[in-house]
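Below are the chains, spelled out letter by letter.
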Amino acid sequence: MTFKDATAIVGIGQTPFAKNLEDDERTLACRAVLAALDDAGIAPGEVDALASYTMEETDEVELAKAVGFGDLTFFSKVGYGGGGSCATVAHLAAAIAAGQATVGVAWRSRKRGSGPRPWKNTTVQLPTPAQWTRPFGLLRPADEIAMLTRRYMHEYGATRDHLFNVALACRNRANQNPAAIMYERPLTREMYMTSRWISEPLCLFDNCLETDGALACVVVGRERARDCRRRPVYVHSAAQGLPAQHHGMVNYWNDDPLTGPAWTAARHLWKHADFTPQDVDVAQIYDAFTALIPLSLEGYGFCGRGEGGAFTEQGALETGGRLPINTGGGGLSEAYVHGFNLINEGVRQLRGTSTAQVPDAGTCLVTAGEGVPTSALLLTNRS
Amino acid sequence: MLDPVKDTDGAPFWRYAAEGELRVQACADCGELRFPPRPCCPHCQSFAAEWRPVSGRGRVWSYVVPHPPLLPDYAAQAPYNVIVVELEEAPRIRLVGNLVAEAGARLDSVAVERIRIGAKVRVVFAGGLPQWVSA
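Chains A and B are the protein sequences, given in the same order. Under the UniProt record's numbering, the residues of the first sequence are numbered 1 to 383, in order. Under the UniProt record's numbering, the residues of the second sequence are numbered 1 to 135, in order.
Since the hints were derived computationally from the structure, they do not count as laboratory data. Hints may be right or wrong, so weigh each one.
As the list claims (entries may be wrong) - Simulated pairs of lysine to any residue, SDA-like, Cα-Cα distance not exceeding 25 Å: (1) LYS120(A) x VAL5(B); (2) LYS6(B) x GLY248(A); (3) LYS120(A) x GLY127(B); (4) LYS19(A) x PRO68(B); (5) LYS120(A) x ASP7(B); (6) LYS4(A) x ARG222(A); (7) LYS19(A) x THR355(A); (8) LYS120(B) x HIS154(A).
To be verified - So the derived label-pair ranges between C-beta atoms look like this: (9) ALA43(A) x ASP73(B): 53 to 63 Å; (10) LEU204(A) x GLY127(B): 27 to 37 Å; (11) THR54(A) x GLU19(B): 34 to 44 Å; (12) GLU32(B) x GLU46(A): 45 to 55 Å; (13) ARG15(B) x GLN245(A): 17 to 27 Å; (14) PRO39(B) x SER195(A): 42 to 52 Å.
As the structure is a computational prediction, the values presented were derived from the model and not from experiment. Even for Gly, the Cβ is constructed at its ideal location relative to N, Cα and C.
Only chain A is shown next, with the shape it has when bound in the complex (with noise of 0.2 Å):
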């Protein structure tokens, strides 16, 4: 048995994103997932797996019976917010390629625009580690990673123009977007530098939006992929990462708080991949906040140590640079669902049908949060 290209996603679904939609959650994640398998020319009834987070909030259960699926033979759920993005995907590549299920469906629905922050919650803190932060005011997911960014900052020189530079080519490709909620609405530099802060040394254009919206895939193996209604893109690798003695978002209490999950994923997800980050055509970097993406660069492996943020200088990562990023507009400018748009976008370059497509593009990294337990995938639509 082997995973590398062994399956396809073949169907991707979404619903509108906005600050707040009328729909529930579960509504939404029944239209995202039947919008999904309409794409892909597949019936409910033959879906017989599944795969989501566990903050997702639309159980199988729930939505088995709403969309009639057929009898399901695998479902996982995978922790640790956006940082299972990728890893629904992957579980479900792994059941098909080991011959536990046929068709999977993953998916995320989310009322993060018009629902409760979850920073807010005083009553359900996590005693470890919130017993070590929280008393003191860092409360939110924008203090705890804005503590590593300002440290990243001291320690390799990056700057304000460097995360501007991150902030911005994901507004302009979301410029492009007609389903992007930063659509209609440009940002310059002076808008950058003069926003609000969140927490020093992260403005309010360093995080991501708040969004209502559902999002779904397909995954079959390959030989059923070639009979439905899309070009198939291919799941060429794909890992998971926990690095040793790593602690989430607040990561300081190890010798190197700076490498952080994206090197584990990304050592096994090139130990197993026929091609190098120079190979890569076009990136979706998970954005929950713009520091995230030089690390993540570093990461995996487009630039060395302490270089990301040089990395995005010379419009590296706008349409025609060394790295287009985040097409659809990601976190940053499209829409914040944990990272599952970033996995449509990918798949719309390599089916050749994105709002602001990158030439020929071939592969495609999908990355989900670093600075928690994450998880990457690989795609190809060469096969």
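Add chain B to chain A, keeping to what the hints say.
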């Protein structure tokens, strides 16, 4: 303000802090310091632990300045600082805290412009919580 939601492993830290003492969990067999506290030693797998007094001196490793939206008690003091301190004895033992003008002072009692990575600090205690002042 949020009180620490203590777990079994962390409780001794807070008990010593309430007595004005900074102690860090260490392996009673191999001697390795570890933070946050946990049931066994990741180096030698021993379940024997002790709580070792440390000098309470360290350096600012990083810091942030949160602005609203925040929980109400914190928003009332924003913008304030949160620092990570690396301990003199063991630089990879790092504690999250606040740099304040004196023990018990508000979280915004030190001007943000005065905070530097690498600055020397020492621990003080107020209401069972460690805080940090310039050393």
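Each hint, compared with the structure:
1. LYS120(A) x VAL5(B): 15 Å, holds
2. LYS6(B) x GLY248(A): Holds, at roughly 19 Å.
3. LYS120(A) x GLY127(B): It holds: about 23 Å lies between the C-alpha atoms, which stays within 25 Å.
4. LYS19(A) x PRO68(B): Distance of about 20 Å is within 25 Å: holds.
5. LYS120(A) x ASP7(B): 21 Å, holds
6. LYS4(A) x ARG222(A): Holds, at roughly 10 Å.
7. LYS19(A) x THR355(A): 22 Å, holds
8. LYS120(B) x HIS154(A): 17 Å, holds
9. ALA43(A) x ASP73(B): 53 to 63 Å: 54 Å, holds
10. LEU204(A) x GLY127(B): 27 to 37 Å: 33 Å, holds
11. THR54(A) x GLU19(B): 34 to 44 Å: 39 Å, holds
12. GLU32(B) x GLU46(A): 45 to 55 Å: Because 54 Å falls inside the window, the suggested range holds.
13. ARG15(B) x GLN245(A): 17 to 27 Å: 26 Å, holds
14. PRO39(B) x SER195(A): 42 to 52 Å: 44 Å, holds
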